[in-house]
Structure formats: structure tokens, C-alpha cells
Amino acid sequence: MDGIAIAEGIFRATPQPTLIGGRDRASGRVVFPCPADPDRWEPVDLPRRGTLWSWTVQRFRPKSPPYAGPEAFEPFALGYVELPGAVIVESRLAGIDDFGQLRIGMEMELRLVPFARNAQGEDILIYAFAPVREG
Amino acid sequence: MQDVFIIGIGIHPFGRTDALSGLQQGAYATRQALADAGLDWRDMQFGFGGSDAAGNADSIVNELGLTGLPFINVKNGCATGGSALIGAWQAIASGQYDVGVAIGFDKHPRGAFNALPAEYGLPDWYGEAGFMVTTQFFAIKLQRYMALHGITPATLGRVAEKSFRNAVHADHAWRRSPVDLDTILNSQMISDPLTKYMFCSPAEGGVALILASAKKARELGRDRVRIRSAVVRTRPPGSFEVFAPCIDIERGGAPTLLASKAAFEMAGIGPEDIDLAQLQDTESGAEIMHMAENGFCKDGEQEEWLANGWTTIDGRLPVNTDGGCIACGEPIGASGLRQVYENALQLRGLGGGRQVPGDPRTAYSHVYGAPGISGVTILER
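For the protein sequence lines, the chains are A and B, in the order given.
If you're matching positions, the first sequence starts at 1 in my numbering and goes up one per residue.
If you're matching positions, the second sequence starts at 1 in my numbering and goes up one per residue.
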């Protein structure tokens with residue numbers, strides 16, 4: 001998907017949308033996003049698939065600042081997705097027609113989705129996890 | 001370590017008081033606490049105090065008198081009041097002073113708390129994306145807890161119903177009208193599974209406690225309510241806290257587990273010895289989860305507890321006897337001391353229409369907040 005990332009260094013779009021975490025060079029612990037200190041943290045690609053750990057729905061527009069989404073607010077789902085062998089990441093949830101479909105443990109996969117438009121009319125992209133659609 | 005007693009308590013009603021600054025509400029509470037103790041401001045040998053959003057507590061000398069006392073400002077998020085109390089308690093327990101004051105006050109704008117990422121060491125995009133909202137954390141933690149331990153929405157509703165019912169009898173509470181269970185369950189969904197009436201709101205208010213050594217308390221004839229323990233803990237590895245872009249797969253403890261354990265050890269008693277408790281109820285699910293984290297029941301037993309009314313005023317363990325944060329609102333700097341105020345009042349038998357029956361002797365209070373801190377105190381009569 002074309003657009004500008006909400007921030008540098010937290011995901012890449014190609015060849016596949018991928019979150020970039022950080023691995024503690026000493027302990028091996030993986031976190032997201034990758035902290036700035038390169039002596040301690042090594043950037044690492046996170047698994048693209050995981051399971052929904054928990055979720056909620058943001059039903060009112062968060063205060064701005066810091067929220068930078070569009071003025072016209074639509075409730076959005078968010079939660080945590082467990083990426084096996086790596087870490088549990090907080091994320092928007094996409095590809096859900098009905099919030100009642102969300103279930104802890106469901107299979108999710110990473111996507112990039114438009115989050116807002118900048119002054120030049122370009123899409124700003126954010127990462128999101130969506131239910132895996134088999135077949 | 002010397003014994004320390006709470007010899008005076010004061011509170012400015014919580015809610016909205018447009019005419020007074022947060023600091024002035026703190027001064028109001030302090031005057032009330034001094035009157036309760038039968039002392040004057042110039043008798044105070046020291047002070048600890050703080051607010052989260054209403055300025056420096058040491059400015060209170062301009063309101064109360066320029067006596068030259070040492071006054072230490074505390075800014076410790078939701079544990080501000082609890083930390084001020086610990087400071088004051090240590091100052092007396094160490095033998096350095098005989099009498100002093102702990103003060104907490106606050107005044108927040110309407111609506112949800114408006115935290116900025118940089119204040120928590122987080123990147124700007126985290127706030128821009130809409131993750132910097134405390135209600136999300138409580139809802140997400142609760143959603144998982146309910147799925148794992150079989151807690152139903154009706155139980156969440158019963159917590160809020162109890163809070164509003166208790167607050168009818170608390171002069172200092174903000175929301176003092178009963179709200180029935182159906183209204184709570186069917187009110188606007190804020191952050192699933194939590195509805196509007198299940199959340200507390202940012203508010204205003206002030207609380208002050210006068211502390212004294214055993215010798216001083218006896219001299220004044222006010223040696224009734226003793227501090228058995230007062231602790232604050234930060235989070236351990238693998239915990240799940242407010243404003244977390246990620247959490248470890250290997251799950252760990254929680255700051256409340258650490259604070260509760262330390263407080264019980266310090267007091268030399270256990271959860272079964274507690275007669276009433278004030279537990280952090282940012283929303284009704286927090287009260288449910290904190291019942292277990294503080295050791296009062298096992299995970300999942302809350303269904304039975306709430307269905308049977310075991311946390312009501314005349315239940316086996318009355319919880320949030322003044323309506324807690326849900327009915328009082330949450331002025332961050334004052335909220336933890338409100339709990340201790342309520343406990344001291346209950347142990348003195350002055351709870352009026354919300355007095356816990358049976359002559360309670362022990363009372364427990366617990367605060368929790370960002371970025372993963374917890375404070376516990378245990379009082380004994």
C-alpha cells in the first residue's frame with residue numbers, strides 16, 4: 001500500500017509488511033519498537049502472524065495532542081497480538097466487520113492500513129493486525 | 001522503628017469546585033485535619049505532599065502560615081498520596097520528628113487523562129496513533145482476565161452499583177445517587193467491556209493526614225489509629241502496565257502483588273485478618289482484579305463474591321466503603337490519601353450511614369497507576 005509511515009523504523013512495507021523489534025544483545029529479550037541505543041539493542045524482524053492476546057474498542061476520539069487521527073472519528077479496535085517466540089505487541093486491529101467477532105486466541109496477520117492524511121493529501125500508514133482469512 | 005499514629009484527618013469534598021484551586025482544596029483539608037487533631041499549623045514539624053496536575057505542594061505554606069517548616073514535594077503519579085504518607089511515616093518512625101502532615105490534592109480538566117508520550121519515555125507516534133489512553137489498558141487487561149477466569153459483565157455492574165450505593169452516605173463523594181444495575185450495564189460503551197458508569201472520572205479534591213509518634217499521640221489522647229505498614233512498589237519483569245507498546249511472552253508478577261506481600265509482611269498479618277479494604281477502582285474491573293492481586297480471593301471467585309454481596313458494607317470484606325474512585329472521582333494526588341482517610345474514619349467508628357458494623361480493627365488500602373506502581377497501607381486500631 002502506498003503512503004508514508006507514521007514513524008521511521010517501526011515497520012517496513014516490502015517485500016512483506018514487517019514489524020521491526022529490538023533484541024537485547026545481552027539477554028536476547030525482544031521488545032517493540034526497537035529502542036534507540038544500538039550498543040544494547042539490535043533491530044530484528046518480528047513474525048508476521050500471531051494470536052490475539054486481548055482487545056478492546058476505542059469508542060471516543062482520544063485527546064489531541066497527542067492523537068493525530070482524522071477529526072471525523074470512527075471507533076477502532078485495538079489490542080495485543082502474541083507473536084510466537086518473540087513478543088506480544090500492541091496494535092490496531094483491522095479487517096473486522098463487527099467488533100463482536102473478536103476472540104482471544106484468533107489467528108492474526110500483519111497489514112499496513114491508512115491511518116490519516118497529511119497536508120499534502122498523502123496517506124499516513126500504520127501497522128495493524130487482521131484476522132487470517134484461510135483459503 | 002517507632003509506632004506512628006494518624007491523629008487527625010481532613011478532606012475537601014471530591015468532584016468539581018470551580019472557586020478553589022487544587023492547592024486551596026489541599027489547604028482546606030489540612031485545616032480540617034489540624035482541627036480534628038486539636039493542633040495548629042505551627043505545631044507541624046514537617047510536611048510531605050504533592051499533586052499531579054495542580055502545582056507544588058510546598059506552596060501551601062502561603063495558605064497556612066510561614067512557619068519555616070521543611071516541606072518535601074512528592075510527584076509519584078497515582079502513588080503521590082501514598083508516597084507522601086510513607087515519607088511522613090518514616091520521618092516519625094525514625095525518631096527524627098514527633099508530628100507532621102501528609103497532604104495530597106489535585107485538579108484535572110474534564111474528560112480522560114491526557115498523557116503525553118515523552119513523559120513516559122515513549123515515541124511520539126505511540127500517542128499520535130491513539131494508544132495514549134489509560135482506559136484502553138484497563139479494558140484490555142480486564143477483557144483477558146474475564147476470558148481466563150469466567151467473570152461476567154453483570155459482576156462488573158454489581159461493583160459500580162455498590163460504589164454508588166455506598167457513596168450516598170459519604171459526604172466527600174462526588175456521585176451520591178444510586179444507579180441501578182440495568183442502567184449501569186446498558187449505559188454507553190466506553191471501552192469494551194466497560195460502560196460509562198463503570199469508570200471513574202478525573203476530578204478535584206484534597207486530603208490531609210496528621211501523623212504523630214506514640215508519645216505525642218498519647219499526650220493528645222489520640223492514639224487510636226496506628227499505621228501498621230505503608231509501602232510502594234514499582235513493576236517487576238513480565239508485568240502488564242499502562243502505556244505498554246509491547247509485553248513479554250513470559251508473564252511475570254505485578255506491582256500490586258509485590259506491594260501487597262510487603263505490606264502484609266511488615267504488618268505481620270494476612271488478608272484473612274483485614275476487616276475492610278479500599279482497592280484501586282479506576283473502573284469496576286480493576287476492583288475485581290485487585291481483590292485477587294491483593295490476596296483477598298482467588299482469580300475467578302469474584303463472581304461468587306459479588307453475587308453474594310460479600311463486598312458490601314455488611315459483607316465479609318467491605319470494599320470501597322465510600323464509593324471508591326468510581327463514585328468519588330480521581331484527583332490523582334489526593335486519591336490514595338482519600339482511601340486512608342476513609343479507613344481511619346471507619347476504624348474510629350465515624351462512618352455514619354456507611355459505617356462497617358462489628359467494630360472493625362484493621363483496614364487496608366491499595367492504589368495502582370501508571371507507569372506500573374502500587375501503594376499499600378494497613379491501619380490498625
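Hints are computed from structural coordinates only; laboratory data are not their basis.
Some hints could be false.
To be verified - Here are the simulated DSSO-like cross-link-like pairs (lysine-lysine), alpha carbons at most 30 Å apart as the crow flies:
# : chain 1 : residue 1 : chain 2 : residue 2
1 : B       : Lys215    : B       : Lys298
2 : B       : Lys298    : A       : Lys63
3 : B       : Lys141    : B       : Lys215
4 : B       : Lys261    : A       : Lys63
5 : B       : Lys261    : B       : Lys141
6 : A       : Lys63     : B       : Lys75
7 : B       : Lys75     : B       : Lys261
8 : B       : Lys75     : B       : Lys298
9 : B       : Lys75     : B       : Lys141
Contradicted hints - numbers only: 1, 2, 3, 4 and 8
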